[in-house]
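S.K.: Could you build the full structure based on these sequences and the hints that come with them?
If you want the building blocks of each chain, they are given just below.
There are 2 protein chains.
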Amino acid sequence: MNQTTAPFRADSYPEHTIGRLMENPVAVFPGHLSVAEAVERVRELATKRLFTYCYIVDEAEILQGVVTMRDLLLHDREARLDAFMLRNPFVLRPEYPLMEAMRQTVNRHYPSYPVCDDRGMLLGIVRGSRIFEEQAVEISAQPGAMVGVEREERVNTPFLRSLKFRHPWLQFNLLTAFIAAGVVGLFEGTIDQIVVLAVFLPVLAGQSGNTGCQALAVSLRGLTLGELKPGRENQFLVKEAALGLANGALVGITAGLGMFFYATWQQTAVSPYVLSAIVFLSMVGSCFLSGVSGVMVPLTLKKFGADPATASSIFLTTATDVASMGFFLGIATLWLM
Amino acid sequence: MNQTTAPFRADSYPEHTIGRLMENPVAVFPGHLSVAEAVERVRELATKRLFTYCYIVDEAEILQGVVTMRDLLLHDREARLDAFMLRNPFVLRPEYPLMEAMRQTVNRHYPSYPVCDDRGMLLGIVRGSRIFEEQAVEISAQPGAMVGVEREERVNTPFLRSLKFRHPWLQFNLLTAFIAAGVVGLFEGTIDQIVVLAVFLPVLAGQSGNTGCQALAVSLRGLTLGELKPGRENQFLVKEAALGLANGALVGITAGLGMFFYATWQQTAVSPYVLSAIVFLSMVGSCFLSGVSGVMVPLTLKKFGADPATASSIFLTTATDVASMGFFLGIATLWLM
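For the protein sequence lines, the chains are A and B, in the order given.
Residues in the first sequence are numbered consecutively from 1, following the UniProt record's numbering.
Residues in the second sequence are numbered consecutively from 1, following the UniProt record's numbering.
Keep in mind the hints are simulated off the structure, nothing from the lab.
Check before you lean on any hint, since a few could be wrong.
Each pair may be met inside one copy or between any two copies, as identical chains are not told apart.
[What the hints assert, rightly or not] Simulated crosslink set (SDA-like; lysine to any residue; CA at most 25 Å straight-line): (1) K302 with L250; (2) K302 with F172; (3) K239 with R77; (4) K48 with L73; (5) K239 with F172; (6) K48 with I253; (7) K239 with T310; (8) K48 with E100; (9) K164 with L336; (10) K302 with E37.
M.R.: Quick look at the structure:
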């Protein structure tokens, strides 16, 4: 009689899947066993390893049901296991990504779950707490992944390894920054004439970047927790676009007032009213685009099969930098030059 | 005989503590019970609720030990529970923050944990998977918290509530952006003479911001997973400062080359060699400060009793904006004006 099913190698499954967390099931019994026989076997096995459930399989090792220690305690010694076992138990598949497994088990709270292949053959078990533990460690890598830190980097990663992990993304970020600089460069003549515009460039860029990162963070959380499902994406996109618009308008008023006082104080050649109107308009436009980008960047990464968090903040700020400074200097050039 | 201990109200404990996740323990027995008596009680209780362990308490409801269903199955019917119960079981305290509980349970993987007060009185039980489930949901809020999204905001939070949550932080971010703008404003005269400097402002700001966010993300992860312990903070600070220096130097070379070609192409009045040296130096200086800020911002927030993630990205980019653009324009002014 099998005590374990066919041997498996956890490392033959892709990273971040249930297969990687599998252990061998300890107590695997045929359904014709009596309670007394099962207790005898449990007695032997219990000296070797801890386990929570007994798994009932047929000759082909197809999972038929689950029996708890309490079942063994409370049923007649002569009863057959298949007479009272829990049939059609909830099972996981080894190829499930951790996120998917977390979503399926979050309302069950079993100490462990059987893992079966598509024919129902019992491959192993996974402890519930391991799913969520791995998941917590996994999710804690997200803020880093957004700015180009590898998921495996931790506080105690050696210096050279950290440098190797992070540096390529910083060079990539620099390339994207050159794009934003190129946009500013297009309007060098305008800045040359109205130098106060240069002072407000970091305000536009910083503000639209932060607005976009808010939308990005909520999108990523939705993807992580399984709340941002296909079909609900458009509705969420509309909400974030509207939020960008509303936040842009309200923040644009403050920023416009800032420009008004600064330009009045500096006695600029251009009317402070016009300058503050340009700040307001470009803030509304760029925050609207920030909201849209905050949703589209992770969804696009996901669509191309990438982790939706990877470098998402770098892609996002490229879009928000180009849009915000492009709008600002573009409107100024059209209006004033 | 008590089946449950003194009634408790989970909502009387602060949010994100173990107390909030407590349930009443089902099987609570005195130690003098025999296995046969305990099995009889388990038989009654099992019809009402699911439970994993029996808890053994004295007259004052102080937890004495834990008995598993397997223990009941495998011991003599006449044996007293206190003869074989597991003494001094691992317990949690209701006031433990979830992070602390996660750190203590991560290598245990028990289906549930008893929760006791400081006298050892059994207050309730907490399922292991609930700790990690809450933790996963909690950690998934971190990228949002960094840019001013409330921890409770999710994809389906209504529009007005999202606006109310996020908007105050955006106005706050604008105030900090004004500080950065003020620094640029100090050097308006320099920009007026050498307008190419304005083109490279977003490069310096974007690059040092992303470098700092990498350090910030790894710091926050260390705090979340309990790896960044007091005493190891200085060592980590030195590492991140050195990483900032190294990344700043390597990225500074690329950025300096970018400035060299741009200035040569634009035929600027100032030597392209000098301009690219200024880009290089300010990149090294500001990325060094980014690394330091990425560690100091969350540690400072924590020291003041705040969540180390809260608005951390906003504080960080204020520091990196001011430092990077201040260095860049400051060095240019000292060298060229």
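S.K.: Hint by hint, say whether it matches the structure.
M.R.: To see whether the hints hold, each was checked on the structure:
When the C-alpha separation of K302 and L250 is checked against a cutoff of 25 Å, the pair qualifies neither within a copy, at 32 Å, nor between copies, at 31 Å. Proximity of K302 to F172 under the C-alpha cut-off of 25 Å is restricted to the intra-copy arrangement: shortest distance 20 Å within a copy versus 32 Å between copies. Taking the closest pair of Cα atoms, K239 and R77 never come within 25 Å of each other, the shortest separation being 61 Å inside a single copy and 64 Å across copies. In this assembly of identical chains, the alpha carbons of K48 and L73 lie at most 25 Å apart whether taken from the same copy (20 Å) or from different copies (16 Å).
For a Cα distance limit of 25 Å, the shortest separation of K239 from F172 across copies, 22 Å, qualifies, whereas the shortest one inside one copy, 31 Å, does not. Taking the closest pair of Cα atoms, K48 and I253 never come within 25 Å of each other, the shortest separation being 70 Å inside a single copy and 61 Å across copies. Within a single copy, K239 and T310 get their C-alpha atoms as close as 24 Å, and across copies as close as 24 Å, so both meet the 25 Å cut-off. When the C-alpha separation of K48 and E100 is checked against a cutoff of 25 Å, the pair qualifies neither within a copy, at 32 Å, nor between copies, at 31 Å.
Taking the closest pair of Cα atoms, K164 and L336 never come within 25 Å of each other, the shortest separation being 47 Å inside a single copy and 36 Å across copies. For a Cα distance limit of 25 Å, the shortest separation of K302 from E37 qualifies neither inside one copy, at 52 Å, nor across copies, at 57 Å.
This entry does not satisfy hints 1, 3, 6, 8, 9 and 10, going by the numbered hints stated previously.
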